[in-house]
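A.B. asks: Just so you know, the protein sequences line up as chains A and B, in that order.
Start counting the first sequence at 16; every next residue gets the next number (the numbering used here).
Start counting the second sequence at -5; every next residue gets the next number (the numbering used here).
Keep in mind that the hints were calculated from the coordinates and are not lab data.
Treat the hints loosely; a few may be bogus.
[To be verified] Listed next, the in silico DSBU-like pairs over lysine-lysine satisfying Cα-Cα at most 35 Å (straight line):
hint, chain 1, residue 1, chain 2, residue 2
1, B, K33, B, K500
2, A, K211, A, K169
3, B, K59, A, K211
4, A, K116, A, K169
5, B, K234, B, K246
6, B, K50, A, K169
7, A, K169, B, K59
8, B, K246, B, K478
9, A, K209, B, K59
10, B, K59, A, K116
11, B, K234, B, K206
12, B, K236, B, K206
13, A, K211, B, K50
14, A, K209, A, K169
15, B, K33, B, K246
16, B, K500, B, K405
17, B, K377, B, K407
18, B, K33, B, K405
[What the hints assert, rightly or not] Not close to chain A: a few residues of chain B, all C-beta gaps over 10 Å, as computed:
hint, residue
19, T29
20, S45
21, G257
22, N278
23, N360
Every residue gets a Cβ at the ideal spot worked out from N, C-alpha and C, and that includes glycine.
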Amino acid sequence: MKTYLLLIATAIALQPINAQSSTHPSLELGLNVTPTVVLDDSIEFFSSNTRIQPAVGGSLRLHVATVGDVLEMLPVLSYRFAITDGTPLLTDNTGMESTLKTHDIHLGLRLRGWLYNWFGAFAEASGGLAIIDMNASRFGLNPTNLQTDYHDRKTVYSMAATLGTAFRISPAHLKRRGIHRFNLGGEIGAGFIKRKEVHFAPDLSGGDDNTIPASTTDFGDIDLTGITVHLGLNLHFF
Amino acid sequence: MKRLQFSAICIVAVLGCTACSTEGIYDNRPILQPTIQVKNGIILTTQATDSIEWLKITTTNVRRKPLFSVADGQAVFAMFADDTTGNGTHLFVATRPLEQRDAHSGFMLHRIHINSGDITTWQLGFHFNSYAFSADGEYLILYYGDADNAGEAIAESVVEAGLYNPNQIAVVRIDHPSSEDNPANFTANLNGESINRIFFLDPIEVGGEEKKLVAFVANGMVQLVDFATDDFPQVTVTLKTKDDTRAIYLSKMMSVPAYAGFGPRLFSLANNTTEIFDIELVPNDDDDMGFHTSINLFDSGVYPSDFQVVQDGDHLMLVTISYQNGISVYNVDTEAGSQLGTRDSLSHIRVLDDGERLLMYGNQTNRLYLFAINGLSDTNDLKNNLTTISIPDGIANLRILDDDRVLIIPKNKTSTLVLVDLNSGTVTPLNTNRPPSLDQIFIWESILLTPRVDMLSHFDMASGSTRPDIYFDAPVSQFYVFEKAGVAIGLHDTCSGTATILPLDKLSRANAIVKDGFYIDGILDEKGE
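My request is simple: use the sequences and hints to build the entire structure.
C.D. replies: This is the structure we're talking about:
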């Protein structure tokens, strides 16, 4: 018992201020919530008069290297799903029910440093594709056999950058408890996402077998670039 | 997870919520209503008429385009096209200052070429309430019409608080830009009587000079103005004596050029009198006008409803019909007249076949009367010139298709339209369970189109064969036929703007096209404030 305590004391004493470095790659699984404030007010067509686009996502990170015993480098593969619903009431009692869904699939790099065992800071930059699904369904004229559903899907490039602080349970504490393989943490941050402006030029569908197919016009451009707030939960595997 | 999301949104809400009110930038947009039909499309305005756009109609598309934006400080008080039959190519917009204390804006008239957007602007001195185009499209006359004036009135009626000249006339030379003389202002000398209507008479030669006469009709008088010269000489023709209290307004005027020894003259019909006025224009070099007027009266003792002046050989014949039944024919030279009683009260005369015969009819009668002109001057019995076509179910309303055919809405059988061939006298009924009203009957070449809310019925009068009805996908709120584009269009009342386009030369549902979205194209690019 005494030896055991002595060993731990030594370990703590010998603990450098910076976090321990791992010598082998470790895997991290992150789940996050990243509401985005879109800068273009065109999004209000697809949301209930707000520019906030709620989003959830997940990422997979691989701890491959530590630079100078301080800076961890983690390539990241992430997926983010954002959805907004709106009801633009174009006239008094007719309008559309609209939905905008965004799927961002990114590859990036995260740089992270631990100031204390349990507290650190990270910076992440990533880029990839955004698949933007725009839908609207027109209501108001009854009865009708006209086609009333508008749909367009565009795939464009998207880039994101996030800065934040990360928390985790101190690895030393876990070691004491005998947990070597896992760690749990969280992070909070803010960032920016840029997606290329897309044209909403939908196709019409709906009606029944006898409906005359209709063609519609170009609704215009929407730019889903915005400021993000990032909240995450991380699971580390060693 | 949920708690995190909630608190995240709370944080971001402070940063991001820009439209915290219940109405967003895409809610309750101003509604554009289709108004005037023009040659290539339909004019659209908002209720407040602060934005004028138009729908351009082609064989395959309906597109919304901007047309005229009202300048700051101005408001629109009149808007009309240069053609009332739906074939206009220019839109006229009259504006007034929005704020009465505005010293810089004035009354203006803008003429906009619809296809190209070119604008000509003239300064007006006053807030007119009626307008009339000359038949040749060269002049536009703006004036103060009386309360039930028969000219074209505009939407906004004027309440003049200050002093104004009720006989002020502005004449705009349409193809010329604004200048000191354009528009030309003068006063129609009508002793302050308000103007009931304006007639543009066919050019007539008097004393070797061509006169372009425009007649301004007021109670008991008519003012003739010569538009052929720039100083607009005028002469007033009094139609009744000062103590005659009848309200006499000329309702029809016809200019008849000099013919076989007769001088040029104007024939006119007025309500409330039994006389037909024959205003002779006698050349007189001393007069500014170049002539003075001398009036003859033709009185048949009954109130005439319509008249025509026709030529039979060397003779000028005046044919009048009357509500009190009867046809009266006068030889203008000898003033000898003869009468023929009819059982029906007649209201209209139309000239067919270039003056070979006259079609006469009356609403609420059972007969069409065809009157041959040839031999009218020396006939012993007018009955010899008359043929009738019996319409069993009576005439409620009538539309002349061409020189040979007439379409009748019968009085007694509301589920039928009757097609009459004037040459053979054949009467062909077309049955329907849902009869159309007269303004909802369109004719293109030999095809009769009768739209309803849910379908379009069409009938080829040349072949006489029934065609299947074309049902629309949604109720039609407005229906138009565009001759130039060769399409019929039904507009549906949707917030995005939807139209069903049917090609007129191959009318069927299989050839229909539906176009959508013309009210909201580019909507995402409109920036909120």
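A.B. asks: Which of the stated hints cannot be reconciled with the structure, identified by number in ascending sequence?
C.D. replies: none
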